[in-house]
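Chain residues, written in single-letter form:
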Amino acid sequence: MKVSDVMIYDISAVFEDETVERAVNIMAGHVISGVPVVDEDMKVVGFITETDIMKASIPSYFSLLQSASFLPDTDQFMKNISKIRDHKVSEYMSKPPIVVKADSPLIYAADLMIRHNIKTIPVVDDENRLIGVVTKMGILKAALEGELK
Amino acid sequence: MKVLTVTLNPALDRIMFIENFQINKLHRVPSFDKSILSPGGKGVNVSVALAKLGIPSIATGFLGGYMGRILIEELRKVSNLITTNFVFIKDETRENIAIIDEENHTITEINSPGPKIEEIDLEHLIRRYTMSLSRVEVVVISGSIPESLTSDVYVELVKIAKEKGKTIFMETRDKHISVLYNKGVVPDFIKPDFRMEYSLLGKELKELDDFISQSRKLIDAGAKLAVLSYQIDKDIIVVKDGAWIIKPKVGVDISHVLGTGDTYTAAMVYRYLNGVGDALDIGRYGYVAALAKTKKARKDPPTLEEIEEFADKYVLERVI
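Line by line, the protein sequences are chains E and V. In terms of our numbering, the first sequence is numbered consecutively and its last residue is 383. In terms of our numbering, the second sequence is numbered consecutively and its last residue is 1572.
Treat the hints as calculated values from the structure; they're not laboratory data. Mixed in with the good hints, there may be bad ones.
Quick list of in silico lysine to any residue cross-link-like pairs, SDA-like style, CA-CA up to 25 Å [as the list claims (entries may be wrong)]:
#, chain 1, residue 1, chain 2, residue 2
1, E, 335, V, 1385
2, E, 370, V, 1329
3, V, 1435, V, 1417
4, E, 277, E, 252
5, E, 335, V, 1383
6, V, 1254, E, 336
7, V, 1435, V, 1404
8, V, 1254, E, 333
9, E, 277, V, 1435
10, V, 1368, V, 1332
11, V, 1416, E, 362
12, E, 375, V, 1331
13, E, 236, V, 1412
My request is simple: use the sequences and hints to build the entire structure.
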C-alpha cells in the first residue's frame, strides 16, 4: 500500500511569515494537531504543531519538571502565549520538515512517525510542493483493515 | 492539477424528496435515502462534477464550524481528485435545503445567507488563491458572496487570475457580473445565475433581443462566451461569431434541474481543457452535459458515458 492510498488530499498550510495565531486557527478549524509550513511556491519548509506552540508558551523549566502542578497559576502561560501570538511561525516550526512522496510505501511513513514521534507528515511532489498529508489515524485504519503492506 | 474552484459561500446541502409537498403541512421523509446530505455551493459542486469527468481540482473558499467540518469530510469522500484548501473562519458554514417533489415536478430551495468574513480571513484566502493559481490552467469562480463581502472580492479574484493568464469560468448573479463588467474585468466564460433575478448588466431580460444584446456587451468586453438560460429548458449561447438557441429533443423534468448549472460549467471546463472545438462547441457540450444531468433527480453529476448518450439529443439554431 502506498501513501497515496490513505493520504488526505488537503493542502491547508501556513506560510512561514504568518502568525502563530493563524497556525492555531488552522489547527482548530481542521481539528488537527499540526500544520505544514510552506513558502510562496507551496514548497514545504517546516511543520508546526500545537506542542511547539505550547512549549514556546510555558516557562523553560516546565519541560524539566514534566508536570503542570509546579506552575503557580496559568497567568504566565497566558502572558507568554499572548506575547507570541503575532510572532512568525518560522520562529517555532520544526525544520527541516519530515516529508514523504505520494508513491512511498505506507510502511515507510509509519516508520517515520514512530521514529520521530509525529502524528502527521506532509506529502510532497517531486518539486517538494505540498499535495496533502498522511496521518497516524490514516495509517492505523489501513493497518486495522490489514492493508499496511 | 488543472482547475481551481472558488466557493466563497459554500453550503452543506440537504435534499429531501417529498411527494405532494405543500406549505403549512407536516411532511415525513419516507426513508433515509430520501434525505441526502452533500457538500455544496457552486464551486464545490463544479469540483465534484469535474471529478466525475476525471479532472483533478483544488477547491478553495471559506468554511467554518461544525457544518464546515462535515462539508470538508463529505467532500473528501467524493474523490481523491479533489484537493481541499479552505480557509477556516469563526462563523458557521450555512446549510441549504432543497425539497424535490417528483409527483408535481417542483423544486423548492431555501438558501441561507452565509457567515461573516473577517478582513484577515479574506487576506488569507487571497494569498492562498494567488499561490494556487500557479498550479492550474483554469479558475472557476461561482456562486454567491457572503453578505459581509461585496462584489469587489470577485473583481479582485478575476483581476489576479487575469494577471496570471488563467482562463476564468464564472456562474453567478447579475449583481456581481455587472460590477465586473463596469470595472472592465470580464471572465472568459460567463453563465449568469438567473434564479434570483432575470437580468443581465442591470437590464431585465424579456425579449430574445435583450438576451442577445446584453450578452453581446460581455463578448465585446472580452468574454469568449456567454450562455444564458432561456425559457426554462433552452439556452442562448453567444460567442464572438454569433448567437444560437439550443434546446432539447427530449423532455426535461423540471424537478431534476438541481445541479444542472454546475454540471454545465464543469463540462465546459472539461471540453476547454481537452482543447476540442471552439467557444460555441464548449457551450454546446455544457448544454449536453446539463441535459444528461436532468435524467437524475439527485445532485449527482453525469459521467462521460452518460453525457455521450445525449450527444445528439439537442437542436442548435442560429439566431444571429
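**Study point:** residue 1416 of chain V paired with residue 362 of chain E [C-alpha distance capped at 25 Å]
**Key:** holds, 22 Å
Exercise for review: Would you mind confirming whether the straight-line C-alpha gap from residue 335 of chain E to residue 1385 of chain V stays at or under 25 Å?
Suggested key: Answer holds: residue 335 of chain E to residue 1385 of chain V is near 22 Å, not above 25 Å.
Review point. For the pair supplied as a hint, residue 1368 of chain V and residue 1332 of chain V, is the alpha-carbon distance within the 25 Å limit?
Key: The hint is violated at about 30 Å.
Check your understanding: CA of residue 335 of chain E to CA of residue 1383 of chain V, is that 25 Å or under?
Key -> holds, 21 Å
Review point. Does the alpha-carbon distance linking residue 1435 of chain V and residue 1404 of chain V stay inside the 25 Å limit?
Key: Roughly 9 Å between the alpha carbons, so the hint for residue 1435 of chain V and residue 1404 of chain V holds.
Review point. Do the alpha carbons of residue 277 of chain E and residue 252 of chain E lie within 25 Å of each other, as the hint requires?
Key: Holds. Residue 277 of chain E to residue 252 of chain E sits at ~15 Å (cutoff 25 Å).
Exercise for review: Measure nothing beyond the straight line between the CA atoms of residue 236 of chain E and residue 1412 of chain V; if it is 25 Å or shorter, mark the hint as holding.
Suggested key: Violated: residue 236 of chain E and residue 1412 of chain V sit about 37 Å apart, past 25 Å.
Check your understanding: Taking only the CA atoms, is the gap from residue 1435 of chain V to residue 1417 of chain V under or equal to 25 Å?
Key -> Distance ~18 Å between residue 1435 of chain V and residue 1417 of chain V Cα, so the pair holds.
Practice item. Starting from residue 277 of chain E, check that the Cα of residue 1435 of chain V is at most 25 Å away, please. Key: Violated: residue 277 of chain E and residue 1435 of chain V sit about 35 Å apart, past 25 Å.
Check your understanding: Within a Cα-Cα threshold of 25 Å, do residue 1254 of chain V and residue 336 of chain E meet the stated pairing?
Key -> holds, 18 Å
Review point. Given the proposed pairing of residue 370 of chain E with residue 1329 of chain V, does the C-alpha separation stay at or below 25 Å?
Key: holds, 18 Å
Exercise for review: Sort out whether residue 1331 of chain V lies within 25 Å of residue 375 of chain E, counting only the CA atoms.
Suggested key: holds, 18 Å
Hint compliance for this structure: hints 9, 10, 13 are broken, all remaining hints hold.
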